[in-house]
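Number of protein chains: 2
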Amino acid sequence: MERKRISIVGIGLIGGSLAIQLHEKKISSKLMGVDASKEHEAKALELELVDEVLPLDEAIEQSDVVVLAIPVDLMTDLLPKVLDKVTHQIVLDLGSTKSQLIEAVKAHPKRGRYVATHPMWGTEYSGPAAAVRGAFENKAVIICNEEESDADAVAWVKQMYKKIGMHLLGMEARAHDLHAAYVSHISHITSFALANTVLEKEKEDQAIFELASAGFASTVRLAKSNPAMWVPIFLQNKEHVLDVLDEHIAQLKKFRTSIAEEKSSELKGLIEHANEIRRILK
Amino acid sequence: MERKRISIVGIGLIGGSLAIQLHEKKISSKLMGVDASKEHEAKALELELVDEVLPLDEAIEQSDVVVLAIPVDLMTDLLPKVLDKVTHQIVLDLGSTKSQLIEAVKAHPKRGRYVATHPMWGTEYSGPAAAVRGAFENKAVIICNEEESDADAVAWVKQMYKKIGMHLLGMEARAHDLHAAYVSHISHITSFALANTVLEKEKEDQAIFELASAGFASTVRLAKSNPAMWVPIFLQNKEHVLDVLDEHIAQLKKFRTSIAEEKSSELKGLIEHANEIRRILK
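Sequence order for the protein chains is A and B.
At position 26 of the first sequence the residue is numbered 43 (the working numbering), and the sequence of numbers has no breaks.
At position 230 of the second sequence the residue is numbered 247 (the working numbering), and the sequence of numbers has no breaks.
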């Protein structure tokens, strides 16, 4: 795999973690960073996530590949503008929603240079200092609507993801957004809402702090996640997210009813059904 | 600390994990196991969690300390019967709810021999094979209504918990049950309900399996937990659990409304509020 000059737009948790992998796997000959925050740019340089920081236009011009790793609302605005500047470059994004982004460049003359991807990895932290070595390994990456992208661009992107240890899945954008609502977006909403529940009602911080078990920490961990990333995800994926959220509230109400009416065999049935998640998650 | 002959009634995840610690920290001179399941008894012997299995009455007779680690509904029935047999022994339980249990022996002539405790540790697995070495270390243990227990019994129980690395907290039973609803019971309900949401609506198991990220696994992990343990916890702690569950559903509905109406600044506010959990959980 010939090394390429790669720009990463958004050198935060996701972009920064990819930068580490691109460097370590010798995929990049040069890594350039672009970030709206001067502080993030400085931190990315200090941590040696990128070799250089540049303004967007210069970075695009000097690159073979441009990676977009910014919140999905900003990405939907930026992607058409990046494609306006592109000649031969490959452009890919790492965003958590796909339909609106793909729709935004559907008729763009350079649509073929763009590959829509979603590597299924993240943590509840954000910014360049949150970048993790070895991220993405053994996780899935979804490539959406690949038939709309040029073959050379898709081929390079696939090879890159394989080289950083990911396994590839192809999916239509709409199917991706539906599945992502189930296996990622709803988890974040339940975790945010759980944190708010406890913070609202449990006024004794010290009690939470002392008593919180590993189970609580596990379910509430995602509640630390960054609003700048998650607000646009929920809004862009509104239709699927609301659908899943309504189902989730209905499921919680089944628990409520069986507890309120002390129907232990119903409650047992609900829990046994939930236990079937073992089939899927080790 | 003089070694004692200790019986563990219920040699599952919790009882078995305590057995390992009692043995390793040289707190027990002999460990006896009692379990309603012959299979669990055989497994506990095979794994050397206990030295011997005995019928309950014999175990009590031969013990200095009797530890109850069975589901809270069975415990509420069994505790008065155990106290009926007790002469000098110390009896403690490790259950997740405290009010009903303490109420059940309030007027028992041997009430003083009993110490009500809740070590804040567990996993989503169950049975003797799920027992973990080093469990309980650096976790909190709550001792409830200690003024109702004999001083020698409380002193031994405290010393034992300190020796296995736990930090002690005292609390009235009712306060315990309220806090436990917030920091443990509600997490289990949201996790069970989340599993049911996904299993109900996401018919493509393979998609979940492939796409499920660490975030999803983290929020849904507790959904593997055992109904025999959790049904009676929810029912015994019904009042507090319903109160917290209602608040949680109300919090989810706030997310629903702000997403449905695309009120991004409200949504941002909800997430920023949830982020305050960082103050409490590292």
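Some hints could be false.
One copy or two, either will do: identical chains are not told apart, so a pair holds if it fits within one copy or between any two.
Computed list of lysine-lysine pairs in DSS-like fashion (alpha-carbon distance at most 27 Å, straight line) [said to hold, decoys possible]:
#1 Lys156 x Lys218
#2 Lys180 x Lys271
#3 Lys220 x Lys156
#4 Lys60 x Lys271
#5 Lys255 x Lys271
#6 Lys42 x Lys255
#7 Lys220 x Lys21
The set of hints was computed from the structure by calculation and includes no laboratory data.
These are the hints, each one checked on the structure:
1. Lys156 x Lys218: between (37 Å within a copy, 23 Å between copies)
2. Lys180 x Lys271: neither (45 Å within a copy, 42 Å between copies)
3. Lys220 x Lys156: between (39 Å within a copy, 21 Å between copies)
4. Lys60 x Lys271: neither (48 Å within a copy, 36 Å between copies)
5. Lys255 x Lys271: For lysine 255 and lysine 271, the Cα distance is within 27 Å both inside one copy (24 Å) and across copies (14 Å).
6. Lys42 x Lys255: neither (37 Å within a copy, 54 Å between copies)
7. Lys220 x Lys21: Classified as neither: same-chain Cα gap 54 Å, cross-chain 41 Å, threshold 27 Å.
Hint check: violations occur at hints 2, 4, 6, 7; the rest are consistent with the structure.
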